[in-house]
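Student: Chains as they are written, first to last, in the numbering used here: chain G, 1 to 256; chain X, 1 to 324.
In case anyone wonders, no lab produced these hints; they're calculated from the structure. Each residue gets a CB set at the ideal place from its N, CA and C atoms; glycine is no exception.
If you want a taste of the chain G side facing chain X, the calculated C-beta under 7 Å gives, among others:
#, residue
1, Pro-23
2, Ala-24
3, Gly-51
4, Phe-54
5, Gly-156
6, Gly-212
The following residues of chain X were derived to be distant from chain G, with all beta-carbon distances above 10 Å:
#, residue
7, Asn-78
8, Ile-109
9, Asp-150
10, Pro-161
11, Leu-243
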Amino acid sequence: MKSFYGTQLPNPLMLGTAQYPSPAILEHAFRQSGASVATVSLRREGAGGAGASFWKMIQDLGVLILPNTAGCHTVKEAVTTAHMAREVFDTKWIKLELIGHTDSLQPDVFQLVEAAKILTEDGFEVFPYTTEDLIVGERLLAAGCEVLMPWGAPIGSGRGLNNPYALRAMRAEFPDVPLVVDAGIGLPSHASHAMELGYDAVLLNTAVARAGDPVAMARAMMAAIEAGLLAHQADPIEARDMAEASTPIIGKAFLS
Amino acid sequence: MTLYSVIGAGVAGLAVATELVERGAKVQIFDPSGPPGAHGCSWWAGGMLAPWCEYENAEEPVLRLGQEAIHWWKSKTNVTERGTLVVAGRRDLPDLRRFARRTEGYRQIGPELSELEPDLSGYSQGLYFANEAHLNPRRALMDLYHALRDKGTIFHKETAPDQLDNAIDCRGLQAREALQDLRGVKGEMLVIHCPDVTITRPVRLLHPRIPLYIVPRCDGVYMLGATMIESEDSGRITARSMLELLSAAYALNPAFGEAEVLEIGVDLRPAFPDNLPRIRRLGGRIYANGLYRHGYLLAPALARGVADLALNNIHSEMVDEDRN
Chain G
1 MKSFYGTQLP NPLMLGTAQY PSPAILEHAF RQSGASVATV SLRREGAGGA
51 GASFWKMIQD LGVLILPNTA GCHTVKEAVT TAHMAREVFD TKWIKLELIG
101 HTDSLQPDVF QLVEAAKILT EDGFEVFPYT TEDLIVGERL LAAGCEVLMP
151 WGAPIGSGRG LNNPYALRAM RAEFPDVPLV VDAGIGLPSH ASHAMELGYD
201 AVLLNTAVAR AGDPVAMARA MMAAIEAGLL AHQADPIEAR DMAEASTPII
251 GKAFLS
Chain X
1 MTLYSVIGAG VAGLAVATEL VERGAKVQIF DPSGPPGAHG CSWWAGGMLA
51 PWCEYENAEE PVLRLGQEAI HWWKSKTNVT ERGTLVVAGR RDLPDLRRFA
101 RRTEGYRQIG PELSELEPDL SGYSQGLYFA NEAHLNPRRA LMDLYHALRD
151 KGTIFHKETA PDQLDNAIDC RGLQAREALQ DLRGVKGEML VIHCPDVTIT
201 RPVRLLHPRI PLYIVPRCDG VYMLGATMIE SEDSGRITAR SMLELLSAAY
251 ALNPAFGEAE VLEIGVDLRP AFPDNLPRIR RLGGRIYANG LYRHGYLLAP
301 ALARGVADLA LNNIHSEMVD EDRN
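Same shape as in the complex, but just chain G:
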């Protein structure tokens, strides 16, 4: 597995921490799925350490923490939030999210590149939430990012991979860059699909937190991600139009 800024993830499931019915269910979802990374939103949970109880609970999970700038609409907001995150969680990692469109929560890729540059120059290790656009990807790498996180579909939509063709192209274009499908996952099969395409990790939140049984869904996601990873490593067969019998027909000794 590729390393994320020098860190090897124990497994490729990154799980968000918002919207669970209770912190206890959140904790069980992490423990029973074994997810290796927890993303945390700082903006909403208040400045000045007001969310400290909740954050401590997340830290006590003992997984890697990836703070995010969810809900930020400008470079300035995102940079401020990133600094706060570095202080609270004592990590250089930041998932950079810059929302550009209210209804689709689509990233504003222009501001994203700008903020990524500012933050990497300031010593942050940036995980940018981006679209599947190759040129934006290049610009983010040029800005100092060493990870790209293209969307599968709009945040919380549960639609799966809207554009598998573009995600495949991105994988081919950046063979050595750790790539994470972030957002849009609704079902384990979606997560598996991302891994089958050769992605290095999957980041999801709503699909688990808002499921009727978040703990079961978290386990299902992990199982699917492991299946997709194994399948990718196993070099799957090519799809073809006609049947290819798995046992030879010609030369059978007896016709019965």
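Chain G is fixed; fit chain X onto it per the hints.
Tutor: Okay, now just chain X, sitting in the frame of chain G:
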């Protein structure tokens, strides 16, 4: 005769005191802030007795124990039994289907929705929870308070002494130095006045991120609630929360745009990690806490559990492992 000392005069403390007195015990109450008021988070509650709606996003005890609440409150304060309506905007109908799948005790309604609530004419699909009810939380607190006083319960407007026999600590978040796993969950609400709109039962408007509700009080006054934020900052409402609350009202009926904003409420709900209440013996006190967003819904069950433990040493399901 044993004298029980209840500490805290919010919904938990008053319900516990009431239950004890009804079972023949002698009770005194300590609260340095005095009678119920804006200093306590139960002052800012919605007052919905809605176990079936809450069950959509809560664990099973909320549904089962919450169903006792209507009966308990009816003998103590005015309870309005007109059910709850749950509606969603056209593009959020998947959320209505999810809500329906995850709970029970409702019927699907279509155009007859406008017969139940003529002022919700923009909505033609919803869920009707006929057995739910609501009360006015401030009136309920005052009714408990006055009934206790009438029966001879003494209120001390002072901090309870540290050494106190038979003490029952119902201080909510104030008790967190003793209850390490208690946290605050920020809630923001508004009270508005809008005589142009008539809504007669609590209405919940589903939305992918922010489930909001409106509860009618009386004389054109409505409570709009409530945000749920994992933050312990009880200072002020944010512009975003205010926008979300007011947008919800406006979406239900644009005439709410003309409403006057009477009050803004911000406070912290005391909650344990599973968001369920607990009764816990600790250092000679019984702690009853963690009602979270279910103050009026679960206070009766909490009070019964405390009385069972204090008077009869019966351990109901809310009793945590004893940590003496």
